[in-house]
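There are 2 protein chains.
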Amino acid sequence: MEDFRFQNSTDIRFGKHHIDEELHDAVAQFGQNVLLTYGGGSIKKSGLYDRVMKALAGLHVVELSGIAPNPKIDSIREGQKLAKDHDIDVVLSVGGGSVLDASKVIASAKFYDGDAWDLVADRGSQSRANIDQLPVVDILTLSATGSEMNAGSVISNPELNVKLGTYGPKTPAVSFLDPQLTYSVSKWQTAAGSFDIFSHLTEQYFDRSTANDVTAGIIEGMMRSVIKWAPIAIKEPDNYDARANLMWGATMALNGIARSGNANGWTVHPIEHELSAYYDITHGVGLGILTPRWMKRALSAETEGKFVRFGREVWHLTGDNDHEIAEKAIQATYDWIKSLDIPMTLGGVDINTDEKFVEMAQEAVRIGHLDQGGGYVNLTVDDIVALYQASSTVEGFE
Amino acid sequence: MEDFRFQNSTDIRFGKHHIDEELHDAVAQFGQNVLLTYGGGSIKKSGLYDRVMKALAGLHVVELSGIAPNPKIDSIREGQKLAKDHDIDVVLSVGGGSVLDASKVIASAKFYDGDAWDLVADRGSQSRANIDQLPVVDILTLSATGSEMNAGSVISNPELNVKLGTYGPKTPAVSFLDPQLTYSVSKWQTAAGSFDIFSHLTEQYFDRSTANDVTAGIIEGMMRSVIKWAPIAIKEPDNYDARANLMWGATMALNGIARSGNANGWTVHPIEHELSAYYDITHGVGLGILTPRWMKRALSAETEGKFVRFGREVWHLTGDNDHEIAEKAIQATYDWIKSLDIPMTLGGVDINTDEKFVEMAQEAVRIGHLDQGGGYVNLTVDDIVALYQASSTVEGFE
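Protein chains in written order, with this note's numbering: chain A, 1 to 398; chain B, 1 to 398.
Careful: at least some of the hints might be erroneous.
Unchecked claim - Calculated cross-link-like contacts (lysine-lysine; reagent style DSSO-like; alpha-carbon spacing at most 27 Å): (1) B/K16 x A/K306; (2) A/K187 x A/K306; (3) A/K328 x B/K228; (4) A/K235 x B/K306; (5) B/K235 x B/K187; (6) A/K306 x B/K44; (7) B/K235 x B/K44; (8) B/K187 x B/K306; (9) A/K306 x B/K235; (10) A/K84 x A/K54; (11) A/K170 x B/K170; (12) B/K306 x B/K328; (13) A/K306 x A/K296; (14) B/K306 x A/K16; (15) A/K235 x A/K328; (16) A/K228 x B/K328; (17) B/K306 x A/K228; (18) A/K228 x A/K187; (19) A/K296 x A/K356; (20) B/K338 x B/K328.
It is worth saying that the hints were derived from the structure and are not from the lab.
Note that the structure is predicted; figures quoted are calculated from it, not measured.
Okay, chain A solo, but in the shape it has when bound (with noise of 0.2 Å):
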């Protein structure tokens, strides 16, 4: 086990009965004026921003609305500019994981006086550690990214063609987890995000630190809980303890529990990150696309234990036959995306020309290290360029 630090000071109020008896004071405990962000109209139609704007009643709130999916440095613009002027104290998220990630980072660009770029593209972010950051109360409407309990966010600069990860030293303050408002989220998105949890579960798990049962253990477990609960909330939106399960869960895997003592490269999320940087797809399912294509890369002598207790332990295969177990595990883990009604190949988002494969491998390496010990396995340029390509075809899948 590695040696780590682990410290997470979120305050969670999950569940069905917190937002309107305690949001006022939630947000209120940080001064009275408040930046309001969210992105389209859906919680307009939905009633929760009616229900927002009578638990703030009484404080001064400016909004920011708009903000897309894949969020973009203009909107970060926009906030900081807001921020700055009306002084603020609070931002109050209201959305998914964009809106969240959006938000952090305006929570730092209110005391930085230049681009807020800077601190996106500033991968170590020294530049956000040495500023004050405001405390962000959020109200999720998405089970997926996790944004609610980590100081990470992902922008996108869309001239740059970038998709970049920053991290603020701040967690959101306080997160309100009702699985409620989840109901309304499509069949797509309950997928793609369900995915996103699962992703973010196989980018800790298969890491390269030994021994580390304790995290391995919780992340099996979790897993389990993923596969169990997604197709249901699939069929059945309305079903709370699925929709519980996947909030629950998309928090859990990603507030730095589940990397505790590993010694983690995330390698899916880069070579991903760049689908999602250009052709704008949604970045679950190009996480569910690419997943099973790297596990069988991953896949050699050296990995194969781990591949087989994940079979063991998560998809309950049984049997003596341990390279076996290994690939049957792979074929799972595809089998249950597709069940998601996942796209399960680039063609399935559009993307129907390798035009670009060497391009964004070669950033996708760049960014990640993928190529000098940044992920599980080295990849190379060409490794990546032909995980594209295994993922234009359902060839040894299907």
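Please arrange chain B on chain A, whose structure you already have, making use of the hints.
Positioned in the frame of chain A, the structure of chain B alone reads:
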């Protein structure tokens, strides 16, 4: 899944390389006046005391030593006086759960003018919620209680034959967890500590909520880790991986994560606390003796599903006969505890009379509300007397 709140701000420094470099600043961030608490002389023999004093150079250090296992109220009273007399800013606890439990109550008692027992006897801990609490920094030397990342303490009052749980509002500010410091823990204490961890997990796993698969899965993973590593730590005291998995497992088992969304009622702990209070036996050993008997009593048509899951996911039992799997899971638990060289009867810890069984059972029921929905299954005084009796023989297990 039940509604819940979760927040835990403890700053964990896990591994080999934190203490010497980081201890001074971790303590001094809270002030100059330090109350150093510890137990017997073992930290002097091991050299840890010298390392700590070196790191604290320049700070004003007051010492409170002699804090015993099952910590007694007299130590709290002594600490309260020292904390007031020396205007202590921060408590540094060096030792196992007992020292830490005492330190957390002393941290409150500094701000209380009456007898410190009032802060314990008030089971709702309202008296502590309404006063301040000093920050506690700790260096853990035993993997067991989880006290390093929760707000709880268990304090004994020998005059009253009472052992009670009390909760400060604060969890420790900083916990240094170096598995190497547990190399010198005896086989007996390693076994007892490991079963304490396992018991914390079973108390939270067997809960009345349904469909909380995230938490159930997390617990199952942690259980498998304890089952695997406890026997190794007993056989090879210097095995870093074994000590590390037990240490992080102990912390994670009782930091709030494993009860998230559950409808918990602890049962075996209040029943064991009477044994410790009356006979001063090792807590984890008492739990080890009682738990398999309690499981047999708790197994019914209504609870069978959970025991079957326990058998399949934790003990890897297979087959179609659910009832058989449930029973085998309980037997496997018994066999594993026995393999740790825990004596499996009350006679093994020198309790050779049943004269106090009724009195202890009455106390356990009263304190744990065990006949009124306080536990996983309701237990009457007669039920608990029967559990103590069943714990006096190996009948049914060997």
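Right, here's what the structure says about each hint:
1. B/K16 x A/K306: holds, 25 Å
2. A/K187 x A/K306: violated, 32 Å
3. A/K328 x B/K228: Holds - the C-alpha atoms of B/K228 and A/K328 are around 25 Å apart, at most 27 Å.
4. A/K235 x B/K306: Roughly 25 Å separates the two Cα atoms, so the pair holds.
5. B/K235 x B/K187: holds, 8 Å
6. A/K306 x B/K44: Status violated; Cα separation ~42 Å.
7. B/K235 x B/K44: Holds. B/K235 to B/K44 sits at ~25 Å (cutoff 27 Å).
8. B/K187 x B/K306: violated, 32 Å
9. A/K306 x B/K235: holds, 25 Å
10. A/K84 x A/K54: holds, 25 Å
11. A/K170 x B/K170: Satisfied, since the Cα-Cα distance of roughly 20 Å is no more than 27 Å.
12. B/K306 x B/K328: Answer holds: B/K306 to B/K328 is near 13 Å, not above 27 Å.
13. A/K306 x A/K296: holds, 13 Å
14. B/K306 x A/K16: Distance of about 25 Å is within 27 Å: holds.
15. A/K235 x A/K328: Distance ~26 Å between A/K235 and A/K328 Cα, so the pair holds.
16. A/K228 x B/K328: holds, 25 Å
17. B/K306 x A/K228: holds, 16 Å
18. A/K228 x A/K187: Given pair A/K228, A/K187 holds - Cα atoms ~16 Å apart, limit 27 Å.
19. A/K296 x A/K356: holds, 23 Å
20. B/K338 x B/K328: Given pair B/K338, B/K328 holds - Cα atoms ~15 Å apart, limit 27 Å.
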